[in-house]
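Novice: Single-letter residue listing:
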Amino acid sequence: MKAHFKIKRFNPEKDREPHWEEYELEVEPTERVLDALQTIKWEQDGTLTLRRSCAHGICGSDAMVINGKNRLACKTLIKDLGSHITVEPLRGLPVIKDLIIDFTDFFAKYRSIKPYFINDEPPPDVERRQSPRQRARFDDTTKCILCGICTTACPVFWADSRYLGPAAIVQAHRFLFDSRDQGAEERLPVLSAHGGVWKCRTVFNCTDACPQGIDVTGAIAEVKKLLLFRKL
Amino acid sequence: MEIHHHQYEAVIVGAGGAGLSAAVYAARGGANVAVISKLYPPRSHTGAAQGGINAALGNLEEDHWEWHMFDTVKGSDYLGDQEAIELMVRKAPEIVYQLEHLGLPFDRTPEGKIMQRPFGGHTRNYGEAPVKRSCHAADRTGHMILQTLYQNCIKEGITFFDEFHVLDLLLEDGVCRGAVAYEIATGDLHVFHSKAVLFATGGCGRIFSFTSNAHALTGDGLASVYRRGVPLEDMEFFQFHPTGLYPLGILITEAVRGEGGVLRNDQGERFMERYAPTIKDLAPRDLVSRAIYLEVREGRGIGGKDYVHLDATQLGQAIIKAKLPEIADFCRTYVGVDPVKQPIPVKPTVHYAMGGIPTDIDAQVIVDDQGTPVAGLYAAGECACVSVHGANRLGCNSLLDIVVFGQRGGVRLAEYVKGADFAPLPPEPEAWSVSQIERFLKGPGDHQEKIGALRAEMQELMMRDVGVFRTEEPLRQALAGLKALKARYQEAEIDDRGHRFNTDLLEAIELGNLLELAEVAAAGALNRQESRGAHYREDFPQRDDANWLKHTLACKVAGQIEFSYKPVSITKFQPKERKY
Numbered sequence: 144m145k146a147h148f149k150i151k152r153f154n155p156e157k158d159r160e161p162h163w164e165e166y167e168l169e170v171e172p173t174e175r176v177l178d179a180l181q182t183i184k185w186e187q188d189g190t191l192t193l194r195r196s197c198a199h200g201i202c203g204s205d206a207m208v209i210n211g212k213n214r215l216a217c218k219t220l221i222k223d224l225g226s227h228i229t230v231e232p233l234r235g236l237p238v239i240k241d242l243i244i245d246f247t248d249f250f251a252k253y254r255s256i257k258p259y260f261i262n263d264e265p266p267p268d269v270e271r272r273q274s275p276r277q278r279a280r281f282d283d284t285t286k287c288i289l290c291g292i293c294t295t296a297c298p299v300f301w302a303d304s305r306y307l308g309p310a311a312i313v314q315a316h317r318f319l320f321d322s323r324d325q326g327a328e329e330r331l332p333v334l335s336a337h338g339g340v341w342k343c344r345t346v347f348n349c350t351d352a353c354p355q356g357i358d359v360t361g362a363i364a365e366v367k368k369l370l371l372f373r374k375l
Numbered sequence: 004m005e006i007h008h009h010q011y012e013a014v015i016v017g018a019g020g021a022g023l024s025a026a027v028y029a030a031r032g033g034a035n036v037a038v039i040s041k042l043y044p045p046r047s048h049t050g051a052a053q054g055g056i057n058a059a060l061g062n063l064e065e066d067h068w069e070w071h072m073f074d075t076v077k078g079s080d081y082l083g084d085q086e087a088i089e090l091m092v093r094k095a096p097e098i099v100y101q102l103e104h105l106g107l108p109f110d111r112t113p114e115g116k117i118m119q120r121p122f123g124g125h126t127r128n129y130g131e132a133p134v135k136r137s138c139h140a141a142d143r144t145g146h147m148i149l150q151t152l153y154q155n156c157i158k159e160g161i162t163f164f165d166e167f168h169v170l171d172l173l174l175e176d177g178v179c180r181g182a183v184a185y186e187i188a189t190g191d192l193h194v195f196h197s198k199a200v201l202f203a204t205g206g207c208g209r210i211f212s213f214t215s216n217a218h219a220l221t222g223d224g225l226a227s228v229y230r231r232g233v234p235l236e237d238m239e240f241f242q243f244h245p246t247g248l249y250p251l252g253i254l255i256t257e258a259v260r261g262e263g264g265v266l267r268n269d270q271g272e273r274f275m276e277r278y279a280p281t282i283k284d285l286a287p288r289d290l291v292s293r294a295i296y297l298e299v300r301e302g303r304g305i306g307g308k309d310y311v312h313l314d315a316t317q318l319g320q321a322i323i324k325a326k327l328p329e330i331a332d333f334c335r336t337y338v339g340v341d342p343v344k345q346p347i348p349v350k351p352t353v354h355y356a357m358g359g360i361p362t363d364i365d366a367q368v369i370v371d372d373q374g375t376p377v378a379g380l381y382a383a384g385e386c387a388c389v390s391v392h393g394a395n396r397l398g399c400n401s402l403l404d405i406v407v408f409g410q411r412g413g414v415r416l417a418e419y420v421k422g423a424d425f426a427p428l429p430p431e432p433e434a435w436s437v438s439q440i441e442r443f444l445k446g447p448g449d450h451q452e453k454i455g456a457l458r459a460e461m462q463e464l465m466m467r468d469v470g471v472f473r474t475e476e477p478l479r480q481a482l483a484g485l486k487a488l489k490a491r492y493q494e495a496e497i498d499d500r501g502h503r504f505n506t507d508l509l510e511a512i513e514l515g516n517l518l519e520l521a522e523v524a525a526a527g528a529l530n531r532q533e534s535r536g537a538h539y540r541e542d543f544p545q546r547d548d549a550n551w552l553k554h555t556l557a558c559k560v561a562g563q564i565e566f567s568y569k570p571v572s573i574t575k576f577q578p579k580e581r582k583y
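Protein chains in written order, with this note's numbering: chain R, 144 to 375; chain B, 4 to 583.
FYI, nobody ran anything at the bench for these hints, they're computed from the structure.
All of these numbers come straight from a predicted model, not from anything done at the bench.
Hints are supplied without guarantee of correctness; some may be wrong.
To be verified - In silico DMTMM-like pairs for lysine to aspartate or glutamate, Cα to Cα no more than 20 Å straight-line:
#	chain 1	residue 1	chain 2	residue 2
1	B	K453	R	E264
2	B	K116	R	D324
3	R	K157	B	D191
4	B	K445	R	D282
5	B	K116	R	D158
6	R	K342	R	D282
7	B	K308	R	E171
8	B	K453	R	D324
What the hints assert, rightly or not - Not everything, but these chain R residues come out facing chain B in the computed CB check (under 8 Å):
#	residue
9	D188
10	L371
11	F372
Unchecked claim - Interface residues of chain R toward chain B, partial, derived using beta-carbon atoms under 8 Å:
#	residue
12	K149
13	F153
14	D158
15	E186
16	I201
17	N210
Every residue gets a Cβ at the ideal spot worked out from N, C-alpha and C, and that includes glycine.
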């Protein structure tokens, strides 16, 4: 089938402002949007710039806005969109070039919640024990691939760049609800501070957009609850 | 283009499981270390590993490191170095416990221990029946390992240069002096002056067209050291994973068969019963891939096409949801198949390079059969060849390999830099890198050859002539074809002449690396006149221990590939006929 792509382009070495460029190409309906973007790059315009690596939704490189929604280009099939496809960079973070956004702020916020296992007790000679039930408690948030889709889908984040954003809170949740972790006291001040969980207005954009199917809004609510009951 | 200078005691290139393991232990050993990666670390391809990491923990049934060692040696078709394999499998339980202590969320048994399941080629009591040895976190074990190691690098305060693409190794008089990298966001060059460099840049599966490998797997580390005169070992051995999702090539984990899935041909026959009567669908990958090709060749592919079915319907909704959620998602997303109800279409997909940069058991690079090291140069993970996988890797042994030898490399690196001085940089250390970039940025612009088209030709050629079945004449044609492609590459041009995030330029540079490595793989395949593990010559269908029980070393000398050899370490298990 013939597909018509409209792509938001911006090269600060040349352009003062972003502009749209259009491309037509033959595609298979079962192809990924990523395949079509690469075909455009390889056959029509080598200057089109995007990130990609694994091409099957696990590395989190090719997050972008496709037909108005945040998605991974490698997990979105042409047949689910139709023949007219618009592609833009994620919103709420600075654009470096074309579909490439600057993740510096995103990873700084990720780091601020201490995204690592904290337990200073000497470990046993074998594994620490954890029941299947305890393990299941935080399974959902271990799936996060740090693609940035949830954070850049959040209207609160668009309006207030001090907000940690859903992805950083999901990462905090992964440790806060791990029975083996003892880092809650170190993480909770960041999560309850001005840019923390209380900024969340439960819009559910994050949950709707997550390519891993994580219940992001639910995870944020659980962190809120944890903070509340700690204070009481 | 600006040139920036840095000095670190050690530079680690690549931030997958091997690079990050090395970084954690080099930092703990007191080394001042920087990690360079062309991707953000959590984008690395370790994250795509699904099935698990092997260790004879015996959490669910009896298991012993000796059994794990035997399986790995036999799986390697006796080309694996037994000293290194013994070290890896003996270390495996400790490594898995360490990962758990670092926070890795393994699945659990009812008693709260680490959960284990069977995997291809892993058996109890030296080949009797499959054994539960693979420790896992659903079918996203690699993702969890990558995340856990990255998290611990953050905890250790390690310095990262994210989205820096390595271009060159600085090596003179057998002493490593650092590396040169290209900052993708700005187009600037960075010269890293260091006492030691550890390469952990992963594989080069993108020399082929049908692969489970990420676009990023272009062998940048392999090509960088090879150009500087370091040999590459056993590059003729490339693993085809039997179950790539048809028609995309995305990996469908062996855990599907570990949990009870079976392969079926067009007649619905469970054909692996004929090829491997004892362990059937859990035979090693080289055997299963060849079996699928033979079924297809004899007209028993599905609907006469070039794929077969992986049938997991007998597992039921609950097992698939709990144990194989990612692959169920892939099947539904990409081919509209629900594995609970329908068989999955699969075809062998290029998966793993058994060969690589030759190292000893401490990840130190060695250049010959005498164990001569390159001072300060290390390699670990898929880009290295220790060799623990020999001619064919067993499933779940690569996650083990990257953590064991990444860690040993990190520890050794930290010891080395304590006792070593900074060797002086060569004059104009960035010169070669500048020439590579400028050739593309300042070309005449007549666009005779396009990078994308050349790459596609190379990948098709490799798939056709250097695939699962190999014979002399097609291999000679492949080498001639690659030579022609290399000449055309010299004329190739790019569209993007800018400095900011120029991925057009990077793809051109990556293709240069791929072409080098494709040539080494094809030449190695022509050179090795026997069949062993993943390397199958139809004109030499037998394994030939008398002449070929040895590792290949391919070295670039005056633009030509020269082969030399080194012996295999054989300690506990003498080569025997390999039957499953």
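Novice: Please go over all the hints and tell whether each is borne out by the structure.
Specialist: Outcome of the hint check:
Restraint check for K453(B) and E264(R): not satisfied, since their Cα atoms lie roughly 58 Å apart, outside the 20 Å limit. At roughly 17 Å between alpha-carbon atoms, K116(B) and D324(R) fall within 20 Å of each other, so this suggested pair holds. Taking the CA atoms of K157(R) and D191(B), the gap is about 18 Å. The hint holds against a cut of 20 Å. Restraint check for K445(B) and D282(R): the C-alpha separation of about 51 Å exceeds 20 Å, so the hint is violated.
Distance restraint check for K116(B) and D158(R): the Cα-Cα separation of roughly 58 Å exceeds the 20 Å cut-off, and the hinted pair is therefore not satisfied. Only pairs whose Cα atoms come within 20 Å are accepted, and K342(R) paired with D282(R) is rejected, the gap being roughly 24 Å. Restraint check for K308(B) and E171(R): satisfied, since their Cα atoms lie roughly 19 Å apart, inside the 20 Å limit. At roughly 52 Å between alpha-carbon atoms, K453(B) and D324(R) are farther apart than 20 Å, so this suggested pair is violated.
Restraint check, D188(R) versus chain B: the minimum CB separation of about 6 Å is within 8 Å; hint holds. Annotation: L371(R) was flagged as interfacial toward chain B, and the flag is violated, the nearest CB pair being 26 Å apart, outside 8 Å. Interface restraint check: F372(R) against chain B, minimum CB-CB distance 24 Å, threshold 8 Å, status violated. Given hint, K149(R) at the interface with chain B, is violated; its Cβ is 20 Å from that chain's nearest Cβ, farther than 8 Å.
Hint status for F153(R): violated, given a least beta-carbon distance of 10 Å to chain B, over 8 Å. At its closest, the beta carbon of D158(R) sits 11 Å from a beta carbon of chain B; the interface hint therefore is violated under the 8 Å criterion. Among the interface hints, the one on E186(R) holds; its C-beta lies about 7 Å from the nearest C-beta in chain B, closer than the 8 Å criterion. Hint status for I201(R) relative to chain B: holds, with the closest Cβ pair at about 5 Å, below 8 Å.
With 8 Å as the threshold, the beta carbon of N210(R) stays out of range of chain B, its nearest partner Cβ sitting at about 17 Å, so the hint is violated.
Comparing the model with each earlier hint shows violations of hints 1, 4, 5, 6, 8, 10, 11, 12, 13, 14, 17; every other hint is respected.
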